[in-house]
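Given next are the chains, with one letter for each unit.
2 protein chains.
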Amino acid sequence: MYRDSKTRTVVKAITWRITATLTTIVLVYLFTGQIQTAVEVGVLEMTAKLLFYYGHERLWDRLMFGRVEIPPFVLWITGIPHSGKTTLGDIVFKKLQSENIKIQRLDSHDVRPLFPETGFTRKEINNHIKRVGHLTSMMENNGISTIASFVSPFTESRDFVRGICQNYIEVYLKTSADEIIEKYGCELFKKAKKGLVQNVAGMDIEYETSPGTELIIEMCDLTLEEAADKIVSYLKKNHL
Amino acid sequence: MYRDSKTRTVVKAITWRITATLTTIVLVYLFTGQIQTAVEVGVLEMTAKLLFYYGHERLWDRLMFGRVEIPPFVLWITGIPHSGKTTLGDIVFKKLQSENIKIQRLDSHDVRPLFPETGFTRKEINNHIKRVGHLTSMMENNGISTIASFVSPFTESRDFVRGICQNYIEVYLKTSADEIIEKYGCELFKKAKKGLVQNVAGMDIEYETSPGTELIIEMCDLTLEEAADKIVSYLKKNHL
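As given, the protein sequences belong to chains A and B, one line each in that order.
Count the first sequence with the working numbering and you get residues 1 to 240, in order.
Count the second sequence with the working numbering and you get residues 1 to 240, in order.
Keep in mind that the hints were calculated from the coordinates and are not lab data.
Treat each hint with caution, since some may be false.
A pair holds if it fits inside one copy or across any two, identical chains being indistinguishable in the list.
[Stated by the list, open to error] Pairs of lysine-lysine residues, derived as DSSO-like cross-links and limited to a Cα-Cα distance of at most 30 Å, are as follows:
| hint | residue 1 | residue 2 |
| --- | --- | --- |
| 1 | 6 | 237 |
| 2 | 193 | 183 |
| 3 | 191 | 130 |
| 4 | 193 | 130 |
| 5 | 237 | 94 |
| 6 | 190 | 237 |
Bear in mind that the values here come from a model prediction, so they are computed numbers and not experimental data.
Just chain A, same shape as in the assembly (with noise of 0.2 Å):
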């Protein structure tokens, strides 16, 4: 929660007394046609409404009646390894933060302190991704939006997220393994492709697609930036 500082009522008491005492003058001017009548009735009224308008706002900023708080969402950004969803999540949290609105950024490495073990079975990724959820969720029912981005190849554990938040937008970076290996030479599918490596999705793990996803993006036909832009776009029209 936030509270107005004492300087910003003053400051704000000043550009409306500004605002307010001219208009008072101009119109005492109107009436009486007497110039000094009119600025001294000013002078006055600014003295005394300076103080009951700081009084006033002090009085509102203790009422909580009208004060909206704008409804958390949960950026859930989905897609293989190296699809770019962690570059493009740090883009979108950096050009969110003008905003003025609470986001608190899950990556990997951000929840690896809450959540240390994690396996790579169908049912360990789930229970992964399903506590995340309830993370984002708890977050949500706190008023903090979440930016997550995470493999999470399944639409099980997706869809579970989806039904515990309010506000959950799905964004899906569509790219293909082959994609990857040209675009970047990627080692770990190269690997993948000869067996050596398992558990990727996008190689023997099959990544699930969902027919509800908000927001699919083909990573070829976009840069990171523009995938960005386009996702701000949809949170701006839809959550902001």
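Chain A is already provided as a structure; the job is to place chain B on it using the hints.
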């Protein structure tokens, strides 16, 4: 984050206008001696300034200048089983509802979806508490206070949580297994006494006190309601 609703701004404009226009009418009357002029100026002023005030408020609502966040706290309630941690945490949580601050309650059942597997060795208990600590710290970084109630018998993990949080307040509910048996005829301690249950803090696991604990509450001296009042007073004095 909160934003002012338009209704809030309208009502605020009206309460201010009543205060301000009455001042103007009195001033113009004092200067001109003409009640009619005073009222006419008042009416025109009221119309013009209601609109200006509305605009002025909407503009200020977009500015973060001088909005200060109420620093969140981490209230950590510790003590042997059945010392009253959960109930006390719930009472304090309820008492703080009127304070208009965001608080996440964290008891064993609140964190079970996040950290399902917890063991009872010293290492497992410490790891669990540290994970909860990371969660309280993440909450705190986002402006959310927490009320955590966990046995947390070891100084190692409690001091770890203290180390990663900004406003950590440790509340130790001081009592003994014998006191609890006498008060509630507690089965857990009776069984533990007979050696039928292991790993019980206050019996075979020694509860480690800390010199830095902010509040020590002698549970034989106070009712839970009185203990809660003591905690709330401490929070109001030091953190709200």
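Starting from the hint list further up, note which numbers the structure goes against and sort them upward. Number 6 - this is the single hint that the structure violates.
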